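There are 2 protein chains.
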Amino acid sequence: MSCHLTFSSIGLLGFGAFGRLVAAHLAPHLPCLVHDPALVPGTALPQGATATSLSEAAGCDLVILAMAVADMAAACRAIAPHLRPATVVADVGSVKLGPAAIMRAHLPAHVGLVGTHPLFGPQSARDGIAGRKIAICPIRGKAHLPVAAFLRARLGLRVIITTPEAHDREAATVQGLTHLIAQALHRMAPLPSRMTTTSFDLLIQAADMVRHDPPGVLAAIESANPFAAPVRAEFQALIAGLDRAYAAPD
Amino acid sequence: MSCHLTFSSIGLLGFGAFGRLVAAHLAPHLPCLVHDPALVPGTALPQGATATSLSEAAGCDLVILAMAVADMAAACRAIAPHLRPATVVADVGSVKLGPAAIMRAHLPAHVGLVGTHPLFGPQSARDGIAGRKIAICPIRGKAHLPVAAFLRARLGLRVIITTPEAHDREAATVQGLTHLIAQALHRMAPLPSRMTTTSFDLLIQAADMVRHDPPGVLAAIESANPFAAPVRAEFQALIAGLDRAYAAPD
Numbered sequence: 001m002s003c004h005l006t007f008s009s010i011g012l013l014g015f016g017a018f019g020r021l022v023a024a025h026l027a028p029h030l031p032c033l034v035h036d037p038a039l040v041p042g043t044a045l046p047q048g049a050t051a052t053s054l055s056e057a058a059g060c061d062l063v064i065l066a067m068a069v070a071d072m073a074a075a076c077r078a079i080a081p082h083l084r085p086a087t088v089v090a091d092v093g094s095v096k097l098g099p100a101a102i103m104r105a106h107l108p109a110h111v112g113l114v115g116t117h118p119l120f121g122p123q124s125a126r127d128g129i130a131g132r133k134i135a136i137c138p139i140r141g142k143a144h145l146p147v148a149a150f151l152r153a154r155l156g157l158r159v160i161i162t163t164p165e166a167h168d169r170e171a172a173t174v175q176g177l178t179h180l181i182a183q184a185l186h187r188m189a190p191l192p193s194r195m196t197t198t199s200f201d202l203l204i205q206a207a208d209m210v211r212h213d214p215p216g217v218l219a220a221i222e223s224a225n226p227f228a229a230p231v232r233a234e235f236q237a238l239i240a241g242l243d244r245a246y247a248a249p250d
Numbered sequence: 001m002s003c004h005l006t007f008s009s010i011g012l013l014g015f016g017a018f019g020r021l022v023a024a025h026l027a028p029h030l031p032c033l034v035h036d037p038a039l040v041p042g043t044a045l046p047q048g049a050t051a052t053s054l055s056e057a058a059g060c061d062l063v064i065l066a067m068a069v070a071d072m073a074a075a076c077r078a079i080a081p082h083l084r085p086a087t088v089v090a091d092v093g094s095v096k097l098g099p100a101a102i103m104r105a106h107l108p109a110h111v112g113l114v115g116t117h118p119l120f121g122p123q124s125a126r127d128g129i130a131g132r133k134i135a136i137c138p139i140r141g142k143a144h145l146p147v148a149a150f151l152r153a154r155l156g157l158r159v160i161i162t163t164p165e166a167h168d169r170e171a172a173t174v175q176g177l178t179h180l181i182a183q184a185l186h187r188m189a190p191l192p193s194r195m196t197t198t199s200f201d202l203l204i205q206a207a208d209m210v211r212h213d214p215p216g217v218l219a220a221i222e223s224a225n226p227f228a229a230p231v232r233a234e235f236q237a238l239i240a241g242l243d244r245a246y247a248a249p250d
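Protein sequence lines correspond, in order, to chains A and B. Residue 246 in the UniProt record's numbering sits at position 246 of the first sequence, and the numbers go up by one each step. Residue 207 in the UniProt record's numbering sits at position 207 of the second sequence, and the numbers go up by one each step.
Don't read these hints as lab results, they were simulated from the structure. Check before you lean on any hint, since a few could be wrong.
No farther apart than 20 Å at their CA atoms in a straight line, the calculated lysine to any residue pairs in the SDA-like style are these [unchecked claim]:
id: 1; chain 1: B; residue 1: Lys133; chain 2: A; residue 2: Pro192
id: 2; chain 1: B; residue 1: Lys133; chain 2: A; residue 2: Ile102
id: 3; chain 1: A; residue 1: Lys133; chain 2: B; residue 2: Asp201
id: 4; chain 1: A; residue 1: Lys142; chain 2: A; residue 2: Thr198
id: 5; chain 1: B; residue 1: Lys133; chain 2: A; residue 2: Arg194
id: 6; chain 1: A; residue 1: Lys133; chain 2: B; residue 2: Ile204
id: 7; chain 1: A; residue 1: Lys133; chain 2: B; residue 2: Leu191
id: 8; chain 1: B; residue 1: Lys133; chain 2: A; residue 2: Thr198
None of these values were measured; they are calculated from a predicted model.
Sequences and hints are given; from them, build the entire structure.
Set out below in structure tokens:
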């Protein structure tokens, strides 16, 4: 598995917002066979991919799971009988400990496992993905090596090799706080747009970038990441302390 | 007072971070006489201004108050006997209701009063101030007209005419929330810097931009603005509600 630096075809399970982004960037390089319960097999997809059956998608030598964490165990059980030896299975979720455990538990020992988290989305990838970051977690075997090589060489991504736990600890702050603040700001709408400062404009730009993320992404970031709740608690305690100090200045 | 579109000299009271910024941008256009208790009169200042006595600074036809709100009443009482008829006095604070009341109470009826709030600071003005925004509040007389004309024509600023109350309501969100979030984030340092997303990078950029604002600016924004506490309370309640929902997803 570690001797081939690329793959011959990609099976993509799930065609939501992120599945479409994956297809758009991988189909120019390799045949991309997509399975999603909402798609009729044989349909040509706008991103240059083709809709196919579950078993055909699972028969590719790189299989990508692009669904909500809550649906991942069922998907793993469904594809397991169709996976060939030396296949590499990778997920693309915003949390890594949970999917790693699910893939280990439900996928056969003869396939390699890799956790990936592209640190960009449909909004931030608008002007292309070259130079963008992706976190890669080795889960089983050396499957991360050809995946990382492919992502670097073909897509120009900046690959960060890490562990599921280290990933989730950082993501709890990076994404957990950003989405929390963004969701709170959206609920305060309409926000001022005329008398603004540069720093407020940047804050709103950050919030707008993640406001259209689907509920599954928010669930992964805030609920499935075991380190997100403590980070939110620390942020809340700091805000409350600052508020008390501002309300009663010396 | 409304017939002259410009001024012959500027008296600047206060030479902190913001006073220095004011001097740097006004001294190229007009003689800028600075009084600050920390400066020896006669000293040539780096920004092309000159240190002078309180009475000489107050004798200019445009007098700018660039000190913390807490020091403004004492400064007004000190300059009042030296102000000539038709002089325009303007403050540059981040809150407008308080300074408007202080200037009305402590400055003689024969001077015009204007509240100003440049919506930029030493950080955001690094690459120049042309095109940046400034809020202008008429307080007494038509003094805001020549001030606005000067700021538009000489400095290229975008002038937003408003009232102290409307200003403070908007600033409570624009600056109150930005500084609150920034202060909380700074207290969570060290923050992740490697595995970051574009939206998190923007959030950090926003926070870094205001992190060096002096305590007086923070006090004006969070404590002197009467609308800041309710905005902070709304933000806290939203964050707490989101946290509860994320902790116990369906």
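Exercise. If you draw a straight line from the CA of Lys133(B) to the CA of Pro192(A), is it 20 Å or shorter?
Worked result: holds, 14 Å
Exercise. Is the hinted pair Lys133(A) and Asp201(B) satisfied, with a Cα-Cα distance of at most 20 Å?
Worked result: Distance of about 12 Å is within 20 Å: holds.
Exercise. Hey, Lys133(B) versus Ile102(A), does the alpha-carbon distance stay inside 20 Å?
Worked result: violated, 53 Å
Problem set entry | Hint consistency between Lys133(A) and Leu191(B) [alpha-carbon to alpha-carbon, up to 20 Å] | Holds, at about 17 Å.
Exercise. Has the given pair, Lys133(A) with Ile204(B), been kept, meaning a C-alpha gap of at most 20 Å?
Worked result: holds, 17 Å
Exercise. Given the hint that Lys133(B) pairs with Arg194(A), does the C-alpha gap stay at or below 20 Å?
Worked result: holds, 9 Å
Exercise. Quick one, are Lys142(A) and Thr198(A) close enough, alpha carbons at most 20 Å?
Worked result: Violated: Lys142(A) and Thr198(A) sit about 46 Å apart, past 20 Å.
Problem set entry | Satisfaction of hint between Thr198(A) and Lys133(B), Cα-Cα up to 20 Å | holds, 10 Å
Violated hints, in rising order: 2, 4; the structure is consistent with all others.
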